[in-house]
Structures are given as C-alpha cells and as structure tokens.
Amino acid sequence: MGSLRVNIAGMVFKNPVTTASGTFGYGEEFSDFFDPGELGGIFVKAVTGKNRDGNAYPRMAETTGGMLNSVGLQNKGVDHFCREIYPRISPFNTHLIVNVSGSTLEEYVEVAEKIDSLEKIPAIELNISCPNVKSGGMAFGTSPASAREVTEAVRKVYHKTLMVKLSPNVTSITEIARAVADGGADVLTLINTLLGMAIDVKRRRPVLSTVTGGLSGPAIKPVALRMVWQVHKAVRLPIIGLGGIMNTNDAIEFLLAGASAIQVGTANFTDPLASIKIVRGLADYLEQHGIDSIEALIGVLQTD
Amino acid sequence: MVFKKKIEDLIVSRNTRLNKRHFLLELTSENPFPVMLPGQFAQVRVDGSPPTFLRRPFSIHEVDPSRNLFRLLIQVKGEGTRQLALAREGDRINVIFPLGNAFSLPSSPEVLLVGGGCGVAPLLFLAQFLARQHVVPKILLGFRTKEEMFETENYSRYGELLITTDDGSYGSKGLVVDHPVFQTEHFPFRKIYCCGPEAMMRAVAKIAAFHRVDCEVSLENMMACGFGVCLCCVTPTDKGHERVCVEGPVFNTKRLGWQ
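Protein sequences appear in the order of chains Y and U.
Taking the numbering used here as reference, the numbering of the first sequence is continuous, increasing by one, and the terminal residue is 308.
Taking the numbering used here as reference, the numbering of the second sequence is continuous, increasing by one, and the terminal residue is 298.
Just to be clear, a hint being listed does not mean it is correct.
To be verified - Among the chain Y residues that face chain U by a calculated CB cut under 10 Å, a handful are:
| hint | residue |
| --- | --- |
| 1 | L8 |
| 2 | Y30 |
| 3 | A60 |
| 4 | Y61 |
| 5 | T68 |
| 6 | F273 |
Think of the hints as simulated: they come from the structure by calculation, not from any bench.
We put the CB at the ideal spot given by N, CA and C, even for glycine.
Throw the hints in and build the complete structure from the sequences for me.
Shown next, in the form of structure tokens:
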C-alpha cells in the first residue's frame, strides 16, 4: 500500500487531507460521523482577540454550485479558546491548526502569541483573507505591503509553523504570495472565498445582511486550482490548496497543480463524510496507479 | 441531552400527496432508528436537482417506532422540494438525523399547540409525545383555505382540534391569533407551543407574554450544514447569536426577546 504521508515545512501529516477553517467547527461536531483523528489535520474555526458575535442574519445564500456566507468570524475570543475549547480538542490524534484573525495588526499578534503557548497546536494559519469583516481580514491580504507587514509582525512572536491563508480577491496572487514569503511565512494556504453577492428579486433586496459575502463550493474550484498552480511555479513555499474540493478527483487535481495538502471546506456541509472519503479515495488511487507515495504526485503537472 | 447523529441512505416507504403544495415523505431503514424527540429535524440531500446545492431541513412530523419509520411533511417551495416530491417507494434518500433540540415538557396539562401552514409539521409528533405523558392539548391549526387543509383527522386523535382558514371556508375565519381561544378574559393555558411563519409566531408570543404564559417556538432559519459548524442559521438571543440547528430550532420566546 502506498504512503499517504506528506511533509510540509518539517511537519509530518499522516495524509494530505485536512479541513478548512469555519467548515469543521472544532472537529467535535463530526465525531458522531467518523473519527476526526483519521484526518491529516484540522484547521479549527477562526479565533480573534475578543468575542465576536458575527454579522446579522441572513448570513448565507445558496448559489449555483456553491454558497455565499457572511458569518463574520463569530467566535468567543482567544482566551475562551485557550481555556474552554483547547483542553477538549487536544486529545484528537491529528494536527490541530488554529486559524488566527483580527481587525488590527496588534490583534493578530496578540492572538498568535497566546496560541504559541499551546503545546498541542503545532501551527497557525494567519487569516488575512476574510471578506466578511468591516476592518482587518481581507484588507491585510489584498496589498503586498500590508500582507508582508502582518506576516512579519506575527513571525516575530510566533515560533512554530506559520501558515498564511491568501485571498483570491486580488489582481496578482503571485505578488501577494511572494510578499508573504518574504515576510517569513512557512506555508501558504489558498484560496479563501471569492467576494460575491446575491439578490432576492421578489423583495428587490440583497439576500445577505452585509450585501456581499464570500463564495465557496465547487463553483470556485477552477479559480482556486489556477491560483495554486501559479503560486507553485512562482514561490518555493509549500502550499495547502482549497476551494471547492468535493471528492478524491478534485483533491488529486490540487496535488498535481502543486499543493502538498488540501483542505475540504464547503463539502463538509453537504456531506460530513467528504473528507474521510477522500482519505480512502487517495489510498485507492495510489494502489490503482502503483504509486508508492502521495508525495510523488505533488506539482508534477505536465503542461508542455 | 446529547443525541447521536446519523447519516444514512434511508428508504422511501411511501410518498403521499396531500394537496397541490404538500406531501408526506415516509422513510424507513434496515437499521433501527435512534431516539428522536419532537422539535428535532432531518437534513435531506436532494439528488437530481443541480440548482439545489445544500441539503433541505425538515421537521420530524411523525414517528412510528414500532415500524421503524418516520414522516416528513414537506411543502413544495422550489426546485429542491419539487424534486423530492417525485420520490417513489423504494428510492434511497440520504438523510442526516436527528438534529437540533426538542420541545420541553409542560409542567402542567393546560397546553395549547398553534401551527400555521407547513409549520404544523412538528406539532403532530409533539401531540403524539404529549399523549404518552397523558397531556391532552388543544390544537389550533391555521390554513389558507378548506382545500389546503390536511391531516386534520390525525391531529384530532391527540387533542381538541380548532381550525382557522384565511377565507373562512372552514372553522373560524382569519388568522390563528384571531381565533376566539385567544379572546377569553381568563386565558386557560399554561404553555403554548407554536410553529409557523415568523409573523404568526411573534404574534402568538406577544399574547403569551401578555398572559404570562410560557411559549416555545420552532424557528426555520436558512442553514447550510444543520449540525452546528457553518454558523449561518443564527438567531439573536439573550446569549448573543445562537445556532438554530443546535441550540434550536426550539426556543423559548423570552430568550428571543419576543414580547
């Protein structure tokens, strides 16, 4: 049987299948369906400095091949995470990676510093790409200078693996990727949601309370795949790819385009077993194709 | 109480058209069903309908543990429900269930159930459940017209049935809140359970607050996952935004600030 193990910036993942922040809760919500410890890793829901109640309802709109959300980083804050949630989830037998978000540079630094002290959290994912908050979030991730600045500031206080999640809502994804690499990131995660909107024609009003929101689901997969491929060619850092991955085939596409691991996101909503099915599907793929290690697939796309 | 959730390809044992807009989907399985409580719901995947990306949540309408089946009362609203309406006996449908919390038990037997339109769905299961506690409620159901009434004989097995229709073609004319049962000086009920359009539930909550009677409503917010991870279906409560799919769908109206 081929090996599913991948090495990402010195971290060994038992398989390349992880779950996207904001789509998998803290992992516990899936325990009735399967053992989340079988996954390569879990990216837990975004944590901010203070309690955030998120945006007003409605926060979601179904779209063709996907959905829009404008949840707005609802969470109870970093102290609550460290005190209440961390002790509950730390026994999970997989990498737990915390998505770190904020409205100001100082908030990112504060949260990163507090998470740094948690023994069972080997990495953070800096979220400079949330489109649903009034200040911060995506604002940091859409200019190379500010993306670099926040990465550098967090790098100074965070001593473990630093991942940075990029926004697709930019003219040149490679320019942002380079800036974040220069700022000291170890790993790049891409992509976050695409800014979009939906209109209720009966009421002639936006569906979302925030008018615009983030588009996710299979509708965005081709965009995500293109960006992973472009960044893989331009920057030497390992990539964790996501955007509309629904099944094993989608996951393999991302690996071939240059991702060392993938995140399953919106698919967790429609099929809570999607991620574990992909783990098994990748093992089958290796066997069918006589491949010894999944790492042999990473970035080997032939384009000529 | 924590319930174990299941995801399973259930078997359609019957699909009954009730009228133009409503049908009853009866589901069974080779495996014994987990314990289900009134107020809980199921997330149903809709196959064969490309515009329907997300599952559709439906209240559990009726449970028959002895035959290992439960029923969903579904209103045809869009593409997804139109597709589900075509399900035939023997088809397999992927369902996540049971989800959400449940109605609480009444502390005294003077109970009123109020439902409007498709919102009557969870009240049959609730009435069934109350019967086992020897509580015989009054059940007030509102429909648009006589033609749109359904399942009334089923409800009347568990309590005294009161009906309103918008056009007066059956029962008393008007909305449920216009029914004489609410017009009495000495309000005889100690607990109201309510499900229907939000405007109706708010109006009932107001009457309940006036009479200082406990009122529970079942909310129907748009949701993506149904089991607590997407945080899309939230409603404002006295504890901030809470998930309708986990902390709800049943809420005491005091907690919602509906007075």
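>> Let me make sure I understand: some of the numbered hints might not hold for this structure. Which ones are they, in numerical order?
In response: As far as the earlier hints go, only 1 is violated by this structure.
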